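S.K.: Read off the chains here:
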Amino acid sequence: MHNAFKRTAGALLALALASSAAFAEQVLRFATWDSDESLAIQQAIAKKFEEAHPGVKVQVEAYGGDGYDQKLAAGFGAGNPPDVMYMWNFPQYHSSLMPLDDLIAKDAAALDIKDIPEGLLNASRIDGKTYGMPAGFTTHVIFYNKDMFAKAGVEEPKEGWTWDDLRAKAAKFRNEADKTYGFAVDAKPDPFDFEQFLWSNGTKYISDDGKTLDGYMNSKEAAEVLDMFGAMAKNQEAATVNVGEVTSASALFKGGKIAMLEGAMWNKSGIDESGVKYGVAYLPAFKGKPVQSAISISAMSIAKDAKEPDLAWEFVKFYTSPEAIAMRKNDLPVRTSVAESQGMTKDPVYKPFFDVLAVSNKERPAFLKNLKWAQIQENLALAIEAAITEQGNAQAHLDEAVKRSQRFLK
Amino acid sequence: MAAMQAGKRRARFSITPYLFISPWALGFLFFTLGPLVFSLTMSFYDWPVVGERTFVGLDNYRTMLMDDPMFWESLGITSRFALIYVPFNIVLSFLLALLLHHARFGVGFFRTAFYLPSVISGVALVMIWNWIYSSEYGLLNYMLSFAGIGPVNWLGDKNLAVVAIIVASLWGLGGTMLILLTGLKGIPRELYEAATVSGVPGWAQMLFITLPMLGPMLVFTFITSIIAAFQQLTIALLLTKGGPQNATYFFAMYIYDNAFKFYEMGYAAAGSWIMFLIVLALSMLVMRWSAAWSYYEGELKSKDGGHDA
Amino acid sequence: MRKLFIHSALTFLAVLFILPFYWTFLSAVKSTAELYQFPPVFWPAEWHFENFLTSWNKLPFNTFLWNSTVVVVLSTIGQLISSSLVAFGFARFRFPGRDALFILLLATMMIPWDVKMIPLYMEFNYLGWINTLKPLIVPSWFADAFFVFMLRQFIMTIPLEIDEAARMDGASSFDIFWRIHLPLMTPALILVGTFHFMNAWNDYLGPLIFLNDQSKYTLTLGLALFKDPHDIDITAVASITTLLCVPPLVLFFFAQRYIMEGAVGSAVKG
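Protein chains in written order, with this note's numbering: chain A, 22 to 431; chain B, 739 to 1047; chain C, 960 to 1229.
If you are wondering where the hints come from, they were derived from the structure by calculation, not from laboratory data. Honestly, I wouldn't trust all of these hints.
Derived DMTMM-like pairs: lysine to aspartate or glutamate, alpha-carbon spacing no greater than 20 Å straight-line [as the list claims (entries may be wrong)]:
| no. | chain 1 | residue 1 | chain 2 | residue 2 |
| --- | --- | --- | --- | --- |
| 1 | C | Lys1075 | A | Asp90 |
| 2 | B | Lys999 | B | Glu790 |
| 3 | A | Lys424 | B | Glu811 |
| 4 | C | Lys1017 | A | Glu58 |
Predicted model only: the values in this text are computed from it and were never measured.
With the hints as constraints, model all of the structure from the sequences given.
M.R.: Have a look at this one:
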């Protein structure tokens, strides 16, 4: 008995040690925040790259769930980052990333950079240098439940609709007995995405030089946006999620509890799976003003001291090649040629995503403008939450947020 | 009798005790001391994840104590949480352990049931509590609706959200309960038998046998509960994300945000050190105070002897 | 009467504790439509037991299971050996620096994880242990403060006369530890084993930080891959969670009898 136990322990130990033995081949570490199906896509692309490059193993490191930022911080902090990684937080990390401009210039012909919309490249530029290549992106749209619209006899959204139209439609879906609503308002939205509503109403969080909040974050237009969402919650045109209702808006949409969902490509596969019959509409406008959407980009960056810089660049190039981009089904192709050859720009489901992309290159997201944006954003998020929960009084909360953020502007 | 106490037995120096504690001592040197010194150093620096690190002396501590309202707010929230959570955790675990101790059938099943929540962790916890507390679709409000109580916004109300988190945390008291139950089982039956024969009433047996005999375990659960209360992060992070309007923004979350949202590693290290010192001070207080009322075996013997004679 | 009260109270509480677990199980086997139905469905119309297999096969969970098993088994063994030795040292000897060291030990329990994370990462990186299971196993062989503290408190309830008697028979300190205390401590050791098993089994942050490659992932990391900031695969999370609960629960169900009966036994013998 005793010996059997010892033997098992010994065997386990031996195996644990053996499994840590190094590979003889070249290993390229690639970190992604994707999970579930999107992750499977990344692995498939990596496999393709391995096939084309014998002797190379791409180690796809999925820091799933909410752990990506923490894991990356540990890796960089200890000087052991992955060679290639998804990156969004360029202001924080750019000093440890490899500038790609020379490489892009060198491979200009093969890369065909003109095929990638300028708006997608801009997000990875700091002080005029490019630190990332876009591999996929998404803009924002409104998903709507076709069956619910038909059943309630509400006309489906049309091109050029406004928030007033959306609110009028939403009001018709409210049913207390089976707990359905027309729309959902998120009390804790990601402020990065939320800025699109300020842009669409003619303002922004912070001045372009990143030094002034007053008159931007707490402008009349910003307060209007918050008051509007507050009013939607108050009049029961929308369910309020993330305050008391932790259920996500997308879960409610998938369960047929809300008729319209403000969302992006990351919602699509879940909705497809749920079997809800849906249509996709352009983001509504604030009356008489142009719409602009937030653009979320999965950009590929290379660590400055990557062990295999050439191989890493090969990999990034492959990732942005038409072949690889065509494999990405859970976000949108960054190459216009791929989008067109797949007929996506005509497909009613995808068209609104591309239409809004074409007009969404006027503003830069706030986090690119101020290094302390993460801290400022906390105060902003608090104001958004307060305004939506209290269903009004936005101006006072925004003023408070601006006041509390002054110490980060120095 | 006093001569029997552990210490007096070995008057001369011996290497043996050090050999016994050497695994911990080595582990401390390898895996704790280094990181600790390192983080203390970090706390004196402006330390971003990447890029320039600058020595700033006590600036991190000064900013935190003087200029950062979130420091005091989160510390206040955590203290209030601890003030409620710690006593409830111990008292409820103790009561549950007592119930189980006196149960006659299905004991294994009940023990397993109460320990069940401690087995579930992470992502799943959040789903479960979302479902319970959700104001529109939640189980709790569904149940309450039968009693004619209108929908309560458990996680949306500033005061209730803290209560909701306390309840969710208490749900995981299985571990504490087990420790106390094991302690209860370890109390020699003879003590109670003797007391019953001498006509000592039940409440007095509880007061003079159960509680003192359980002393070391109670101290243990007291201290570990304090630690747990101050390090409380997962549930709040997943359930309320600190809201509504920062009503559940715990101190641990404040440190976490500084490190992984704002990438102010030095500032976060300073926060951790403040937390560390607070918890350490509280635990020392408990230890000192408990020495007054908790009987260890050595002392117990002499006292017992006194009774019998 | 008293018995009736005790058992009704226990039953009521047990339902409270089990209900959420039952719901997790239900979420795993419900159809998507029923998942969001209101009022909540407590007995689904169709039971989709195949969800367990589908979810398990979505990711290489066999590999994750193997890794978790290696970590849990090896670290539990280490924890039991080292913690009991150290606890005995602190409980039964008086030596210069003991109290200071014990306070130091207690203090290590209070160090927040954030403080240690990056330095530890650097250390393990230096040792070449990143992306191996070693950071999750080796530290357990060096006695965790929580368990040392717990075991020490247990040992303090064991009468000293037992030690004295053995010592008069010429037993060495190690003999006393090995032949007398270890058997007496068995219930407490099983408790430590169970707790450690649970911690290691459910640990998320450690594996997240120290492992890179999916072939090294543990079960909790695999589970987290079903959730990203924008969406969560409820069916998959619920299925895997339910499955993940089974081994600890089975272990606990058998261990707890032994913990309790052992405790009673030792007291009677003592």
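S.K.: Which numbered hints turn out to be false for this structure?
M.R.: Result: no hint breaks.
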